[in-house]
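The lines below spell out each chain.
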Amino acid sequence: MAEVAKMQVSDEVAISIRNMNKWYGTFHVLRDIDLTVHQGERIVVCGPSGSGKSTLIRCINALEEHQQGSIEVDGTLLSSDLKNIDKIRSEVGMCFQHFNLFPHLSILENLTLAPIWVRKTPKKEAEELAMHYLEKVKIPDQANKFPGQLSGGQQQRVAIARSLCMQPRIMLFDEPTSALDPEMIKEVLDTMIELAEDGMTMICVTHEMGFARQVANRVIFMDEGQIVEQNEPEEFFNNPQSPRTQLFLSQILGH
Amino acid sequence: MSDTSASAVAFVRTESVPASAPPSNAAGPVKWVKDNLFAGVGNSILTVLAILAIYMVLSKSMPWILNGVWDAPSLSACREILNGETGACFAVLSERWNQLLFGFKYPAELYWRPATAFVLLFVAAAPVLFFDLPRKLLIFTGLYPFLAFWLIWGGPIFYPLIALIGLIVAYKVFVAFEKNNFTMALGLGALSAIVIWYLSGFVGENSALLALSLEAVPSRDLGGFMLNMMLGVTCVSLSLPLGIALALGRQSSMPFIRYICVIFIEFIRGVPLITLLFVASVMLSYFFPPGSGVDLFIRVVIMITMFSSAYIAEVIRGGLAALPKGQYEAADSLGLDYPQAMRLIILPQALKISIPGIVNVAVGLFKDTTLVSVISMFDMIGMIRGPIVASTDWNGIYWELFGFAALLFFVVCYGISQYSQWLERRLATDHR
Amino acid sequence: MTIMTDPPKESFRLSMLLNDSRYRSLTLQVIAAILLALVIFYLANNVATNLAALGVSISFDFLGAPAGYDINQRLIEYTSQSSNLQAAFVGILNTMLVAVLACITATILGVFAGVLRLSNNWLVSKLMSIYVEIFRNIPLLIWILVIYGVMTVVLPAPNAFRGDDPSASMFMGISAFTNRGVYIPGPEFSRIFGETGILSAGIGWLVAIAILVGSFFGARIVNKRATRIQEATGVRPATLATNLAIWFLPLIAFFIITGLTFVVPVLKGFNFGGGIKIGAPLIAMWLALSVYTGAFIAENVRAGIQAVSKGQTEAAGALGIRPGRIMSLIILPQALRVIIPPMISNFLNITKNSSLAILVGYADVTATLGGITLNQTGRAIECVVLLMLFYLIISLTISGVANVYNNSTKLKER
Chain A
1 MAEVAKMQVS DEVAISIRNM NKWYGTFHVL RDIDLTVHQG ERIVVCGPSG SGKSTLIRCI
61 NALEEHQQGS IEVDGTLLSS DLKNIDKIRS EVGMCFQHFN LFPHLSILEN LTLAPIWVRK
121 TPKKEAEELA MHYLEKVKIP DQANKFPGQL SGGQQQRVAI ARSLCMQPRI MLFDEPTSAL
181 DPEMIKEVLD TMIELAEDGM TMICVTHEMG FARQVANRVI FMDEGQIVEQ NEPEEFFNNP
241 QSPRTQLFLS QILGH
Chain B
1001 MSDTSASAVA FVRTESVPAS APPSNAAGPV KWVKDNLFAG VGNSILTVLA ILAIYMVLSK
1061 SMPWILNGVW DAPSLSACRE ILNGETGACF AVLSERWNQL LFGFKYPAEL YWRPATAFVL
1121 LFVAAAPVLF FDLPRKLLIF TGLYPFLAFW LIWGGPIFYP LIALIGLIVA YKVFVAFEKN
1181 NFTMALGLGA LSAIVIWYLS GFVGENSALL ALSLEAVPSR DLGGFMLNMM LGVTCVSLSL
1241 PLGIALALGR QSSMPFIRYI CVIFIEFIRG VPLITLLFVA SVMLSYFFPP GSGVDLFIRV
1301 VIMITMFSSA YIAEVIRGGL AALPKGQYEA ADSLGLDYPQ AMRLIILPQA LKISIPGIVN
1361 VAVGLFKDTT LVSVISMFDM IGMIRGPIVA STDWNGIYWE LFGFAALLFF VVCYGISQYS
1421 QWLERRLATD HR
Chain C
2001 MTIMTDPPKE SFRLSMLLND SRYRSLTLQV IAAILLALVI FYLANNVATN LAALGVSISF
2061 DFLGAPAGYD INQRLIEYTS QSSNLQAAFV GILNTMLVAV LACITATILG VFAGVLRLSN
2121 NWLVSKLMSI YVEIFRNIPL LIWILVIYGV MTVVLPAPNA FRGDDPSASM FMGISAFTNR
2181 GVYIPGPEFS RIFGETGILS AGIGWLVAIA ILVGSFFGAR IVNKRATRIQ EATGVRPATL
2241 ATNLAIWFLP LIAFFIITGL TFVVPVLKGF NFGGGIKIGA PLIAMWLALS VYTGAFIAEN
2301 VRAGIQAVSK GQTEAAGALG IRPGRIMSLI ILPQALRVII PPMISNFLNI TKNSSLAILV
2361 GYADVTATLG GITLNQTGRA IECVVLLMLF YLIISLTISG VANVYNNSTK LKER
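Read top to bottom, the protein sequences are chains A, B and C.
So the first sequence is numbered by this note's numbering: it starts at 1 and just counts up by one.
So the second sequence is numbered by this note's numbering: it starts at 1001 and just counts up by one.
So the third sequence is numbered by this note's numbering: it starts at 2001 and just counts up by one.
Only chain A is shown next, with the shape it has when bound in the complex (with noise of 0.2 Å):
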């Protein structure tokens, strides 16, 4: 699988974030942040807690409010234009730390919910292409079930496959693993690494430095709001520059 993260990358912007700044309130959350990704690229976020990095993928997908600077995504400009808002939701599938299923809804409604509603596709269309995605991730005959009475991992696969159903051309992940079992994370991994193949553009806060290494272009470390380096995660993992990077990885991967 080592040979995802050499595939091809082209040249063209998906995500384009220029000095954009964040504050809850008088707390400075996100400072100065400067951000390329190109199309098809795979970059993993990473970092101590409260260094922002959820905050940073909210922002891209308008889930939270910037003060300052801009976010483009695929040439369309993050502004309060709430048909560039929907523009840019529509483009871009995100997938939480819990999930977020609707407990209410089967995991079919849950995936056709948003292509009927949002991207008027007839209901068949919809379920066919529901269909489709829960084979990709793997559980296809689990369509008629509730969300609660599947699996951790499961429902997170069902999350992936809701967003898929958005055709999104970029994917967002905020911790996909850190709610569940370690049993349960290997598949929901193999679910993204799969993604990936696809040449999905992706970002993926997450603490599963192995998926990083696999599978990332780019491996950023975040702390205190500011990108504190950026590199290959070969050069990343094997030769930290800055001493909080050092620092940050010494723990997480000390024992």
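These aren't lab readings, by the way, just hints derived from the structure by calculation.
Glycine included, each C-beta is placed from N, C-alpha and C at the ideal position.
Misleading hints may appear alongside valid ones.
[Claimed, not checked] Result set (PhoX-like, lysine-lysine): computed pairs, CA atoms no more than 25 Å apart in a straight line:
#1 B:Lys1179 to A:Lys87
#2 B:Lys1034 to C:Lys2126
#3 B:Lys1172 to A:Lys120
#4 A:Lys123 to B:Lys1136
#5 A:Lys124 to B:Lys1172
#6 B:Lys1060 to C:Lys2126
#7 A:Lys145 to B:Lys1352
#8 B:Lys1031 to C:Lys2126
#9 B:Lys1034 to A:Lys145
#10 A:Lys87 to A:Lys123
#11 A:Lys145 to B:Lys1325
#12 A:Lys124 to B:Lys1179
[Said to hold, decoys possible] Pulled a few chain B residues facing chain A out of the computed Cβ check, cut under 8 Å:
#13 Lys1179
#14 Gly1326
#15 Gln1327
#16 Asp1332
#17 Gly1335
#18 Leu1344
#19 Ile1345
#20 Leu1347
#21 Pro1348
#22 Lys1352
Following the hints, put chains B and C in place on chain A, whose structure we already have.
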């Protein structure tokens, strides 16, 4: 233990121990009585006191109830039959049965109409209360208000029919445009209903449908337990949508809308229902256009609906707050807009959590419908305090009537709250 | 690719009013405000037209005019020549009187029933469930009428106490339960604050209350000292005897000095005189509100105690704390957090429900201002608005207190 140390540690069970009954001193009725009634001195004293209390209540009430007279034309006749013995005069119930249920003005030959409406109410309510019933039954629930209106008030079927058709068309229009734009669909739906109702004004004048008519009964002739049921059912159903809107408004990010909702809710919850009923009886008619003469029943319905919608809004707000924030975020990140997110994701879950609370509000409201007797409407209590006790035949009778009213309310309210508890238990195990 | 430091400044377009998140909410609020203003204007216009047609105007002058009716149950001076405003004040005080009395008894009853409902005595807990279910599921209005019925129909008239062979007798020779009300012995200060004395009895009671407040602080000092000693030495000194002494000795001394006596009601002519008369309507309201709300409080108390998880008792037990101390140190502080907010809303309900007093002729504010005054002056809008205002002020005050309490006891959480 003569075994060697190694064999003492290693152990493999070869045959299982069968389950057996507990020793006799750990089970059985004697043990139960000892544990639950006479465990300790204090406990035993409590038991004796409780038995004494039960004995006192039963020894007074049982002869009175069992020795009751069920057939007598008046209180004096009843006392004659009893001949000085203890006994209730339940005859007042059998003699005034219809007045207790329907009031004293509703035409006796038309009693079958509200009675039918009452029976059909259960059919209409069943699919709302029990999720397992076929969803097709909801169609009847939708038809029921119009049917019940026609049965109780009478008049030409034309009016409820047109109202129904207007709403059906509005609904169809709404569904057709819903996916494009919620607000626009709502507006178009409302517009099409208004157009239908307006046009019907021209057709109605000489329509054959006007001929298909039941004898009309004015609303001031409604009374008795029927009035309590009607107020309870109507006001709870009307206050649900209003309560949802208020709850959403109170959660809104728009300060103006939020303040309006907060002021409305806190105002209504801050004053007693009786003052709102005073508003209905002496003040509300000033707010209508001159000469419109909206009748008291409708004014009372308006005020009670406002009253219960404020309480329901608070219950639903609790339900909304109980939903994890992730549900809102997931809906946002999928690109659903506000009406879609609310209608498809948030409200279905929030309402489900709120059902027990809503049922509690409904029970409270049903009990509160008795307050209309204060503004001289003849509901069940109004009938008892007014026409029945004041009549020469039954002047001086008291306990039988209030006992009956209490029993009737108890059966309905206890039934509803048992349902709510059943539902709560069911929801707790539902898909989660 | 161009590098931008800030979004370009777009020129304002009309469509941005709806499509731009900066303006959208403002637009919607302005629309809402306009609609609301239209509705208010429409309603106000209707009111103005209707009032003009009737030839009346809104005026609060009637408040100063003589009320012209009598009120039996009153806490302050009032005659039929007093103003309507005075009548409203009599009503307000009566509302508060019955509300406070009912709050106290409902709490006692509710806590009692709630705790007994959790008793491991099967019969007692079932009996308490029956009490709760019966009172919660039958309208308060019926309870008021039934209890008022007991007061007026079942109890004997005062003249039944007369004659050589009376059909009714006084309870323990000091109280009389009649269909006009209950007569109980009334305390009087015979020596210093007596009616003939310079100071009135009211001041005597104020002094007694002041003494109680003093005892409260005295007891606090003693308990604080005990805590201090416990913290320093580990042993808590016994405080029960000192506490009892601080609470009761000063008060008893005061009563002895002032010569507190109880005047027993006696039958004079057709009615009782002397002592304190509690009218049948007040008693009916008081009892009905107490037993009805007591059932709700019992449920809250039960839920509050059950809300403290069993794990808490087990954890405290595992630390070796005795059962009595577990209750006072671990369970109660947590249960109170759950019990008190609904308890306060029940107090609010009692206050609002006391408006039903009009049914039995108890002269609360709804019966005076919203009843007789309204009917006699015909000032419907003014009376109802004032009435609502009064209840609103009471409610907002109580819920303000509740909010302060809730915020002060909120669990500190991340």
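Taking the hints in turn, this is what the structure says about them:
1. B:Lys1179 to A:Lys87: holds (17 Å)
2. B:Lys1034 to C:Lys2126: The given pair, whose Cα atoms are some 17 Å apart, holds under the 25 Å limit.
3. B:Lys1172 to A:Lys120: holds (18 Å)
4. A:Lys123 to B:Lys1136: Holds. Lys123 of chain A to Lys1136 of chain B sits at ~21 Å (cutoff 25 Å).
5. A:Lys124 to B:Lys1172: holds (21 Å)
6. B:Lys1060 to C:Lys2126: With a Cα-Cα distance of about 21 Å, the restraint between Lys1060 of chain B and Lys2126 of chain C holds, given a limit of 25 Å.
7. A:Lys145 to B:Lys1352: Status holds; Cα separation ~19 Å.
8. B:Lys1031 to C:Lys2126: holds (19 Å)
9. B:Lys1034 to A:Lys145: violated (49 Å)
10. A:Lys87 to A:Lys123: holds (22 Å)
11. A:Lys145 to B:Lys1325: holds (23 Å)
12. A:Lys124 to B:Lys1179: Since the Cα atoms of Lys124 of chain A and Lys1179 of chain B sit roughly 16 Å apart, the hinted pair holds (cutoff 25 Å).
13. Lys1179: holds (6 Å)
14. Gly1326: holds (4 Å)
15. Gln1327: holds (6 Å)
16. Asp1332: Holds - the Cβ of Asp1332 of chain B comes within 8 Å of chain A, reaching about 6 Å at its closest.
17. Gly1335: holds (4 Å)
18. Leu1344: Result: holds, 6 Å to nearest chain A Cβ.
19. Ile1345: At about 6 Å, which falls below the 8 Å cut-off, the nearest Cβ of chain A leaves the hint on Ile1345 of chain B intact, so it holds.
20. Leu1347: Result: violated, 10 Å to nearest chain A Cβ.
21. Pro1348: Where the cut-off is 8 Å and the nearest Cβ of chain A is about 5 Å from Pro1348 of chain B, the hint holds.
22. Lys1352: holds (7 Å)
When the structure is compared with the earlier hints, violations turn up for hints 9, 20 and for no others.
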